[in-house]
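> Here is what each chain is made of, one letter per residue.
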Amino acid sequence: MLVYSLRRIAQTVVVLLVTSVLVFAGLFVVGDPVEILVNPQADQIEKERARVALGLDKPLWLQYALFLKNAASGDLGISFVYGRPALEVIVERMPATLELAVLAMLFAVVLGIPLGLYAGLKPDSRIAKAIMAGSILGFSLPTFWVGLLLIMLFAVHLGWLPSTGRGPTVDVLGLQLSIVHWDGLKYALLPALNLALFKLSLIVRLTRAQVRENILLDYIRYARAKGLPRSRVLGVHLLKNILIPLVTVIGLELGSVIAFAIVTESIFAWPGMGKLVIDSIFQLDRPVVVAYLLITVLMFIVINLAVDLLYSVLDPRVRIDAAQA
Amino acid sequence: MATRPARSFPGSAAAPARRRFAIAAAAATLAIAVAQSPATAQGAAANSELIVALSAQISSLDPHFHNLTPNNGLVKHVFDTLIATDEFQNLKPGLAESWRATDDTTWEIKLRRGVKWHDGSPFTAEDVIATFKRVPNVPNSPASFAQFVKPISSVQATDSHTLVLKTPAAHPLLPRDLTAVHILSKAVAESARTEDFNSGKAMIGTGPYKYVDYKAGDRVVLERNEGYWGPKPAWTRLQFRMITNGAARVAALLSGDVQMIENVPTADMQRIASNPQLEVKSAVSNRVIYLHMDTGRDKNSPFVRAKDGKPLEENPLRDVRVRKAISKAIDRNAIVERIMEKQAVPAGQFLAPQFFGTSKKLGPEKHDPEGARKLLAEAGYPNGFQLTLHSPNNRYINDEKVAQAVAQFLTRVGIDTKLETMPANIFFSRGSKLEFSFLLAGWGAESGDTSSPLRALVGTFDPSKGNGAANRGRFSNDGLDAMISTALTTIDDTKRGLLLAAASERAMELQGIIPLHFEVSAWGMRKGLSYTPRADQYTLAFEVKPAR
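Protein chains in written order, with the numbering used here: chain A, 71 to 395; chain B, 55 to 602.
No false leads were mixed into what you were given.
Calculated cross-link-like contacts (lysine to aspartate or glutamate; reagent style EDC-like; alpha-carbon spacing at most 16 angstroms):
#, chain 1, residue 1, chain 2, residue 2
1, B, 269, A, 241
2, B, 396, B, 453
3, B, 519, A, 118
4, B, 269, A, 158
5, B, 204, A, 118
6, B, 240, B, 250
7, B, 487, A, 118
Hints in this document: simulated from the structure, not taken from any laboratory.
Chain B extracted, bound-state conformation (with noise of 0.2 angstroms):
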């Protein structure tokens, strides 16, 4: 753990760069002075095999074993989930050809006919029903799915391909949380434990490829399933490898190993971007870089000290002019533009505004180094005071460079600001026990709306109704959980959206968090090579398509 004081701003935003930055970096500046001149490139139209190199490792091939979004991104080639999602997380029909609310708490979906199983047999409700009993019981499951199927209390099948599901209140996410779900044959679903995916017996779906081969920690080989229900995919054949280092994807990528990488690192962008045999393709992601301040506490929170170092009784970070104030100190541009090489864009709220349930008014917050001054002295604080900036360093796109600059930004406005960063599993577990005043985080919204991020960042702590389970500095506003929880009941999705955007403006306005950028995530490949980037993060080779 590095506790390091906030230096005076040094004028430019990029910190010291730390020796293993400078040497990935510098072997990446080898690269490319190597990478032009070998023609190492294959046609990828030629060979109908596409070796992707994924960035993480999965744990398990089972679809309802680890709610991890590297496994959910592999398994989408082999199953299918009732409804998909375009590029922006809007829904389209997957197994599920359509879906209504019949009321507000019964939901009638329409089955997809004439798919067949991997196989041969073909899919039906029943299919359906046994994956959703499988879904919440799976044994030893470390981040279960259980929570997608929950709502629903009761599934029917009124013939072989229409359901109707029934939830206990109205439920409007329904069709959201069913885009989690992967769905299993009957006899798959009633019989196979998560081993029986992992050595390929029950990888038995509907999906665009079939399992061949996995190899834990290394690689998972595909083959196209010909008898898919969608757009033929253009591959034969599939292989993901994982590379976890990213100077070491960078360079099977180089050298023709694989035709494409996920997770670019920001240092070897301009690189890939810049050699004529390869291309960088991004897309502004679902996740949001944002401060948690502690505004539950009201005196004595842990990290928060008077101007000359000693104990300050009450709580300034409990008065929202003192949360202005920290918003306006920080230049979210000099950020995205020097820290993260512009893989990055700024933000003012919880998700970009392309994305469903956002507000069109909330624009980042412009740099105001002098309004931030007079807000404090409004609040009692012409002369500032005394923080603790807390960090992870592994987690998120240089989160500890980010942290550093907010430090320096903060100081610079009279808010004296010390950095400590450690690693994501220290610094989540100590976070979640409140130890902390002030700590940068993200936030992924998986579902793609603003609903996820509202309840669990900004809704008060309440286990029993499962609101607020990240918030980490237990803001809590009445008038606000009362706007979230009448959005999340309201069943028509325009009324909905305006409410999620009206929650979000006023969160925004009481600052419960505050939030920095949107991080890009980025994908490297062969020229040629074209594939539409999600904001989901998710690497799906069969949208990849080969060169015309």
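The following block holds chain A by itself, in its conformation from the complex (with noise of 0.2 angstroms):
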């Protein structure tokens, strides 16, 4: 087990290392940051300045090392737009994001297991079938399309939701959240519902598939054999038995979710990461870009190695030992 974990942080460090090498260079030949940030109507002396004061003025591989450097004592830089630090600049949008992601996976958790459920149980009937041709909806719209339709038709039709923005925040425990009340809450509805579809049909779909193939299995034939009741067999026999899938599903979607909400943030002006990401990009604001990078890679590292662990804990058919590493 200790080997293993130690090889895993390897791993890690090797893979952090590697994105930033890529996004240093991958930068470099997009283009020059001076030219995007600084004002058009300043002369050669500004931009120079501007160069120096950014240290874009050393060669590339000085101002990796300097990074390597700085990086290892936890200072990612600082973001070239905001003239703060770059890790700062992300944390503080990270519960807009955060509490968006939780919204939009309690959507599609809450609404594509049973959804699934049912499609699976009852494969012939109409309502399986709108059911199953909606998901197909849901996986092929374009998220911005629907985000756009959402907006026309909750927010300037029927005037019940707010179009765009975050609402008031609450300090929960040291962080701003704005969806613990209904203020706040009605602001990340229909974000939270434009990034959740995709999602539901997901899981409704893994959910369906699951069921129809466990219902033929021998254990529930024997379960319904004994008697139980029908909720039983469902509830804790199949349930249970779904779950192991899904739940490594959800994990990983939920990873995408926070990393990669990009079009649902700009459609809904929503001020998470996703939309400063982009941001950063096109202005070409390397610290905040390399740093968000680097957050997301660990991220999906560490969701990755707690589910490889949780699966040790849960199926006792699977066991880590240091070959497998």
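With the hints as a guide, bring both chains together as one complex.
Below, the structure is given as structure tokens:
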């Protein structure tokens, strides 16, 4: 177990290093931040001043070496655009993204599992067919189009919900959260629904497939033969078994919702990390892009690790030993 | 990066709409269908909070940190400049009641008396001096305001409300430079860091509104400064929301979440204008969209080829007749009407004629394909040649479509033009490295006069003097340089205006750039709100008045 954890940590460090090199090289190829940041009216003297102030006058390898040196002590650089530590700029936006992601996944799970169960148990009913057709739409419609449609319907036409932005926040254990009260929650409903649609479809289809597969297995038949009530067979025997793959997928999807809510955040003017990173890419704000991707990579690695470890806890057949890693 | 050959001109300048435009337009069509019905409009007068949607994010509230139009517009609500500007960027008194040049290198500025900072302390000359000291020394600034105070060699307060500024050489643009410098109190200027503005601690100005709240990437909330020295604004509270997506901004206006938006997308213009509860106000901006040609290289310009695709040794773009031919080949009216939906004005010089230093004689070049062919033949290219036009695709209004139309017009007169478009972050880096032969770009003259485009676009590239900073064609003409430098050292406004106009005429005669059109900036708002649209594109909410 110890060897395994050490190896995973070593792998993590290598992945983070490779990511940082790729981002450095990638953004260097894209363009010169000074051309974008400096006001077009500025003369060459001002451009040169900015280049020196941002440390861009040094050769790329030296910039990278300096970055590594500072990163080792937890400093991921100062944002070119905001003039503040990149990590701070990102962390400040994190609660907004996290609460949206959690709400979206909640929608997806709370709606997705029952709908999937139904569709799996009564595959030939009309409702089941409608659910499956709906899930195909959920997969294939472009997120930004659905987002605009939601705004038009619920905000412009019906006037029930605000069109864009994040509601007033409340301090919860040091975090600024908006979804814990109705005034803030109503702002989050549309973007969360928009973000949830794809995940919802995924969970519906996954649940249905699992149900279809498991319902035919012997343990269900035995449970029925024993004369257990239907609710117990479905709610305990079946659900327990289909949850294992679902939990894996939900975990990973939560990661992707947190990291890549970019389209939804732009359309709903939601001040989260996704919007920040897309703006930062356009402005070639390298420290923010690097820090963001490092955080994202780290997040996925941690989620993967947690899933791996959980497997061995949940399923006695899975054992992690040194050889496996 | 999309490379596509220019097709023969299909009879309409409207390029095939790309999917994202089509969908935005579809959504907007839906919007108009439903927006007629509900009474979501709230009487603006009943509620004295005004909510405005801005189209860009601000990067900081520190007025000296990042010289960026959205930042500059926002901080004007809290801070004042010594000299302000009207909607055509003519100068008007701000914290300075008057200013005059006592000789070629000395300026005397009389400050307004009785002005109080938001914390109650009085405004004096000491505050201005401390501000000038801070401006060039803001740490980590990505785009500083240093250039506006650099020409000042010394500042002296002769009494508590009179300043004497000295410049080493004659610098007639000093009053215009001062319109960019927001004044801080001495205490703030000497101690505040950029973070202190973002947190609100240092947001102590003399302006019409006081800081209440700022959430990065989301909103800024301000409340009225009841002790403001100028006319009292109508709204007790202001809220600026940052909604960068155009369709979402329009939706926010339609739903009544905001009462005013800036930068109405051209696709939604008609729809807002025809909605009985809304209206659009627009004004020609200080931004010209232009073509720049590689006139710096004698030979082997990277994207010029002979008609048959073989390398072309000489550079045809150095011949003024070829540049004139390109200008004549373009139908500016078609571009303005069909691509820009009339949200642009055909251009014949650097700035629209209402601005300072423009020429009354210069109008847009007439569309004359015959004349263009004749000029090409005279220049020795009767069959034309091959050329690639480079353009950004996310920087200016419909930039990609305009570039497409230009390429088609040129192909029609024999200059086979390919188009290559790319995001602005790539475009400007490559353009400044002189990787292009022919490019489309824009220039917003923030100073509001022709001195800035003359110096930056057609002045000979010279880093030591700061000339030709955006001269990506490396155009150079000694006579024109001399005219520009004379104008830039002439203190007398009338004389300088005439000199700038003459320089503009000469630059157009030499065709250092080819102007296409001036962008029009548009604001959408609830009917009944009144706002005088501004050429500098600032959204100044304190000038918005409710319905009478």
